[in-house]
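Chemist: From first to last, the protein sequence lines are chains A and B.
In this text, residue positions in the first sequence follow the numbering used here: the first is 1, and each later residue adds one.
In this text, residue positions in the second sequence follow the numbering used here: the first is 1, and each later residue adds one.
Please note: incorrect hints may appear among the correct ones.
The list that follows gives simulated cross-link-like pairs (lysine to aspartate or glutamate, DMTMM-like), each with its CA atoms no further than 20 Å apart [unchecked claim]:
# : chain 1 : residue 1 : chain 2 : residue 2
1 : B       : Lys-191   : A       : Glu-27
2 : A       : Lys-50    : B       : Glu-184
3 : A       : Lys-146   : B       : Glu-339
For the record, the hints were derived by calculation from the structure and aren't laboratory data.
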Amino acid sequence: MPKPKHVEPKLVNIEINGIPLQVPEGELLIEAAKRIGADIPIFCYHKYMKPVGMCRMCLVEIGTKQPDGSVRKMPKPQTACTLPCTEGLVAWTESEQIIKDRRAILEFLLINHPLDCPICDRGGECPLQNNTQFYGPPVSRYIEIKRHLPKAFPLSKYVALDLERCIHCGRCVRFTEEISGDAQLAFLFRGAQMQPHTFQLTEFTSRFSGNVIEICPVGALTSRTYRFRARPWDIVTQKSICSMCSNGCNLYLDSRSGQIVRINARENPAVNETWTCDKGKFEQTYMHAPNRLTQPMRRRGGDWEPISWADAYDLLLARINEARKTGDRQAIAAIAGQRLSNESLYLFQKLFRAAFQTNNIDHRLTRYQGNLQADVAARLGYPTSGIEYGDLESAPLVFVFGSDLIEEQPMIYLRLRKAWRHYGVKVLVAYPLSTPVEEFAEVSLRYPVGGELDLVKALLQRLSDSFPASPSQSPNPVSIDAAASLLAQSPGVIILVGEKAWNHPEAQSLLLALVELAQRLPDGKLALLLPEANSQGALDMGVLPDLLPGYASVDDATARARFEAAYSVPLPAQPGLNTDAIFHACLTGEVQVLYLAGVNPVERHYDPALAERALSACDFVVVQDALMTETAHYADLLLPACTFAESEGTFTNWERRVQRFWKAIEPPGDAKPDWLIFAELWLRTMRQTPPFNPREIMCEISELVPSYADCTYEMLGDQGRRWE
Amino acid sequence: MGEVRLLLKCREIPHYDELEVYEAHGGYQALRKALQMDRQAVIDEVKKSGLRGRGGAGFPAWIKWNGIPKDDDKPHYVLCNSDEGEPGTFKDFELMSRAPHQLIEGMIIAGYAVRARTSYIYIRGEYVECARQVRKALDQAYRAGYLGTNILGSGFDHDIYIHMGAGSYECGEESAMMSSLMGERGMPRLKFPHAPLPVIAGVWDCPTLINNCETLSCVPHIILNGGEWYAQYGAGTKNSRGTKIFSVSGHVNRPGNYEVEFGTPLMDLIEMAGGVKGGKLKGIIPGGSSMPILPADKCEDAIIGYEELMEKGSMVGSGGCIVLNEHTCIVHFAWRTAEFYAHESCGKCTPCREGTRWMVQILERILQGKGRMEDIDLLLEICDHIDGRSFCALGDAAAWPIRAFIKNYREEFEHFVKHGRSMYADNPESQKMFPPKGYQRYNPMRYEYTYGSVLADASV
Ligand SMILES: Cc1cc2nc3c(=O)[nH]c(=O)nc-3n(C[C@H](O)[C@H](O)[C@H](O)COP(=O)(O)O)c2cc1C
Ligand code: SF4
Ligand code: SF4
Ligand code: FES
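Only chain A is shown next, with the shape it has when bound in the complex (with noise of 0.2 Å):
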């Protein structure tokens, strides 16, 4: 069964430590507790996972309250972490008989482990450190020799393992049964020779390996990419959002000496729950890439001569005076990345709209770059029908479009598997591949590249009356069938698509098609899945040729009149160009100045050779980015950028969750938040006030955005807000 929305629970009365308190029916009695303030040591107890009892650690007496008002006792202690709470449950958490079984335990836990704190990568953070230090025996009466067993092996290119630290808890093991699914570790051997491992000591290959390191309760688990690279006591904690892809997961950076040393996940259990993916974990480095711009420069010849960032602004801005008074309206254009906070695009869009009077900018590489207004938005909204993680949870049916999940979405790869998990959802996937979805997928339908339009219509042919039932060539008419009844069956599907519709050579049509199959379905929902971390935002501030902040039409007057009233100048009301647009305008000569701000088309647009010739034939190319990227080598004017780590702001993800993070590090050399290069290049064209910081910034598109009303810093707090 799904996970309904909203129940009710059922209270129960128990009490703990003599403490009475009423709590939902099933709650396991270790949450109960903390709701009191009981502390219960644990090991292999995890909020997201099953629990299993294993341990032992959580020992506490427990007794029921007989219907004559006195207590009958269990002869034996219970485990806190699996025992659901019912009427008249009464624990004591603290009584001497528990103090005594909770030091048995560390005891025999103690006995085995080797006790190199010292050298271990957890020694500062580790649990069973700290459970020893509040409950654990002062001393050992083991005097045998203890299991001796090979260290630091290394089960992949992140993870290695500590044999000898190990406590059996299976936390990893369960992880990679139960969360990311793909069943990696197993314990091998039992009693005493118990050893969490790959099956044949093969290569851990998986995308979540990184959380088995943060939910190991001792240092038998390690990153390779952190270990003995610092202790957590000289580390420096920041709250952050990962900036790899539109999932928005939650993260700790740890530094030291302005080095992000480490990546952990931060709790968040509306977004990532508790985990992330490797990508995010370990492959999040570019902040202290070798190729770091740390200095604006100019091109001299072949060579680039670095220059203060006030003879950068002139030049850029005598490029530009001269482009416009040209008189050509096209002569200049920029596109912006999506990897820029929301506050840096807003300011994007402002700059080039206000002060330099165009509408030519995007943000968008992929292939469908039409009017989102008329294609998507009118009949279903922003460019989805405002789907949140949860919602997977409580869908009939999800229905995962071109999208290889576990690549493009890791996190909502997770949840939709927990969602098939524990609640029964049902998953139907279309891939011209075979994907981990399709391993729990009720149907999977398999079509050649490129067949996604044919797909949809076949799709829609079954589902309507009006059609005749053709047979289709693709794929496999059977599934097709078994899928389209699945469809009509399921009301409240979620479609979601990925980056197969994006970059479709027919996108509009294919898009238009879609839109018309969730409309077809009883209650249907389609999420059109973004690729980057603040792709949303970009939409949401307005990086497009006819769409203003909030998505108002350029050509709207009234819309016009509020933004001109705020910034105190007539806005263009003609549409602008497209990325691609802008692209040709560059080879026919008509576009002079083009600003790229932290986007990087010859890698990323689907098309490389056409950026890289629009950019080669433009006359003067401004790349403003953290890294030395391939599109960097074309420019003539190069403006170093800070990276998220080294800025604050925020990102809005796919589910248009506006998530704050903060400054983690200091920016190196002489590099730039984006936001504030736009903000110096305002006020050195508009003589106004520019924000001086961020939040600033976030007050003034809480005023002009609607559906950014709330979203001033104080009310996104650290785990954000959805706008609806």
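For chain A, the structure is supplied; the task is to place chain B with the ligands on it using the hints.
Modeler: Then chain B with the ligands, alone, in the frame of chain A:
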């Protein structure tokens, strides 16, 4: 009192494992009768018989039968526990190899009573011969229409499958058996009150009736002759009815299976087995190696019965009656017992995984003459910390015997520690029972892990 052969009737009848012979002696009459009866009436008959589980815990059988939901639409299963891993127990072996039809008939009746379509017999991996016999009997039963669809025209369908274990004692524990049957690692699952009982959510989350092989073998007799008839056996005891097979082994002249009525004095059972061999009686472990030992003086007036033996400080258990004569060195015996449990611990929970190994190490050190006086109390304390703290009863089963050995024969341990050698070191009779010199389970000089050296070479 003498032997009462109900289940072991097969002993007297050659070829009892063949269908015709079994039928000629009243076989499958109980099934015919049961299929005519109301399902609840079958359960009531089992209730009247007072049958209790023969697998170890002695839980009243009818309560489990009656606990299976009566009006749900999930499939139900019957699971016969023939894993028989308890050292000293070999009754299921004989029941399966000599009277497989008796078990199959019992299972079909159980399946009928609890509305199960499918049953499994989980047979211990080493019992290949038993599995062959059960296989043969199943084939015969299918051919004769006792299994399959529409059994004897009653409209009741039933299938029985054999599942072989793979050499794990722990898989005899009912929840671990379910894991193993479902293809998972043989580790126990959460139990009531942490999770629903198997009769509500057992294998594949469906209602499952789990009974021991002997328990199910009793069923045809109960149905055929009535619960009251069965309950007359053992009427003298507090709450034990019927007969129980004891596998008598150790220092007796005629080791083997003996079926006796509850209420029989324990010493009568030893007499049946030909009396103690090679000396005077030292002690008896009445119910399999997991149970506490009864020293000779307590054996004298011990009566066989669940409550009766409990009062003496031991249990009926699975009926693996191990007899020790006066030449047995208890310290060696304790070490061997501890070693078994350390070897069989599944590793799931901390107290059992670490505690059993620790106990073996301490006992091994004592055997090497390096024991310390405080080790004896330490052993007792480890037992206390395992008992009742482990995930499943294997932990308890590892602790009980060691604790009983020390409590009852403390002077032997103290002697061993003080002198560095066994009290019986010079007794040639005892020496025969000592382990080979230099034998050590936990050799500190090698990795305790097969892949050890491979891993060590690969360190980062
Ligand atoms: C470690 C352990 C091993 C067990 N092994 C067996 C066994 O080999 N055979 C058996 O019938 N019961 C065994 N049991 C008992 C079963 O868990 C269970 O109580 C029994 O199968 C129930 O059947 P009954 O009610 O007919 O006795 C074992 C229990 C434990 C804790
Ligand atoms: S490696 Fe860590 S997480 Fe895995 S079982 Fe051992 S202690 Fe637990
Ligand atoms: S007591 Fe614990 S380690 Fe021992 S067999 Fe049971 S679950 Fe496994
Ligand atoms: S935390 Fe409860 S048993 Fe491990």
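Chemist: For each hint, tell me whether it holds in the structure or not.
Modeler: Hints, one by one, checked against the model:
Only pairs whose Cα atoms come within 20 Å are accepted, and B:Lys-191 paired with A:Glu-27 is accepted, the gap being roughly 17 Å. Proximity of A:Lys-50 to B:Glu-184 is assessed by CA-CA distance (about 16 Å); at most 20 Å being required, the pair is judged to hold. With a C-alpha separation of about 17 Å, the suggested pair A:Lys-146 and B:Glu-339 falls inside the 20 Å cut-off, and the hint holds.
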